[in-house]
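Q: Given next are the chains, with one letter for each unit.
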Amino acid sequence: MKQLWLDKMYKISIETANLLKGKTFAKDMIFNPVQDVNGDWFISKEEVKGNTNSRYKDLLAGLELAEFVPTKLELGF
Amino acid sequence: MPKLGLSIRGRKLGGGGGDADASAFMTATGIPNNSTVYFSGTPQEITGAGLWTAIDTLVLDLKDAGLWSDLQAFYPFVGGTASTHKWNLKNPLDTDAAFRLTWGGGVTHDRLGVTGNGTNAYGNTHIVPSTDINGDSSFGFKIGNNSNSKSVMGSILNLSNGEYMYVYPRYSNNALFTQYENVNYTSGSYSNTDSIGFYRFNQLGTAYKALKDNVLKLNRTATGVYPNIPIALFCLNTDNVSFADFSDFNATSFDFFTKGLSSVEMTDLNTIKNDFETALAR
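Protein sequence lines, in the order shown, are assigned to chains R and F.
Take my numbering: the last position of the first sequence gets the number 77, and nothing is skipped along the way.
Take my numbering: the last position of the second sequence gets the number 282, and nothing is skipped along the way.
To be clear, the hints were calculated from the coordinates, so they are not data collected in a lab.
Glycine residues also receive a C-beta, built at the ideal position from the N, C-alpha and C atoms.
Take every hint as true, because none was put in to throw you off.
Derived contacts from chain F toward chain R, CB cut-off under 7 angstroms, selection only:
1. 82
2. 83
3. 86
4. 106
5. 117
6. 120
Here are some chain R residues the structure puts well away from chain F; computed CB gaps all over 12 angstroms:
7. 55
8. 57
9. 59
10. 61
Please construct the entire structure, taking both the sequences and the accompanying hints into account.
A: What follows is the structure, encoded as structure tokens:
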């Protein structure tokens with residue numbers, strides 16, 4: 001069974017997160033950097049693989065995958 | 001009551017592009033009404049003209065069933081790309097006000113529709129529940145994969161003491177949802193060990209119904225206030241600051257938001273959905 005809450009994503013600095021947030025990486029698709037429970041920033045494999053924006057090509061080339069532990073909302077159920 | 005089955009079957013023999021609303025939507029997607037082949041070599045292989053016919057039939061069926069005029073948004077997800085999947089069938093303008101979707105993070109677009117990645121993928125509908133669907137309402141979506149995941153859509157204002165609207169189709173083998181409620185109400189829930197299906201949530205006054213395919217899963221009564229921040233797909237929009245509780249549900253084609261529906265209209269919508277998805281082999 002798939003492990004629900006753990007996944008690997010590309011770890012980025014907060015500066016890179018601020019740079020990429022809301023920017024277009026492919027037609028009609030924008031970056032969405034997210035923070036994990038440890039406060040580190042990440043973008044997804046799909047964004048790195050799907051990037052067609054030459055402006056970010058070099059920046060993304062050096063990224064490495066790391067374990068991502070998402071935050072969990074407390075909705076009471 | 002419209003004779004849906006007969007009208008659907010009859011029109012499928014005809015050509016596409018006849019309805020002006022269908023034509024406007026397909027023109028916005030950029031899909032040509034010709035022999036261009038999409039998804040070659042797959043069970044979903046279809047021509048551009050075939051997609052035009054499918055959308056034409058869909059729009060005419062919605063109109064025949066009396067469902068069209070009250071629709072606020074409807075996302076058929078045809079064409080297999082972010083650029084073809086973003087359009088609102090009811091109002092295919094490239095603006096937030098027209099509820100054109102904005103895709104963020106690792107969303108996958110393909111022949112089966114749209115898929116979240118469970119970590120940061122989202123679609124912003126720009127639909128603000130408190131102003132855009134306030135009052136009796138109905139919404140729904142089709143899920144094409146069986147996944148134990150998190151939220152497929154939602155909007156929450158003030159997490160600790162606020163206004164909630166969300167759906168977790170299969171979360172620890174239960175469907176969990178709120179439609180028009182505040183923190184004082186416990187989520188509606190029913191056992192759900194397979195996320196595949198067509199989910200609909202309907203509110204008329206304080207009466208709520210949750211259906212999966214054509215099965216009534218839950219009746220309940222609740223009150224509350226709709227959140228005043230946009231609904232996100234594949235996750236929750238929390239306080240309009242960030243997205244959270246991402247899911248990896250697949251092929252949520254046939255997403256819709258409309259007024260509250262009668263039981264007959266809910267059944268008609270399921271029939272129309274089945275015909276549309278069958279036409280696209282998904």
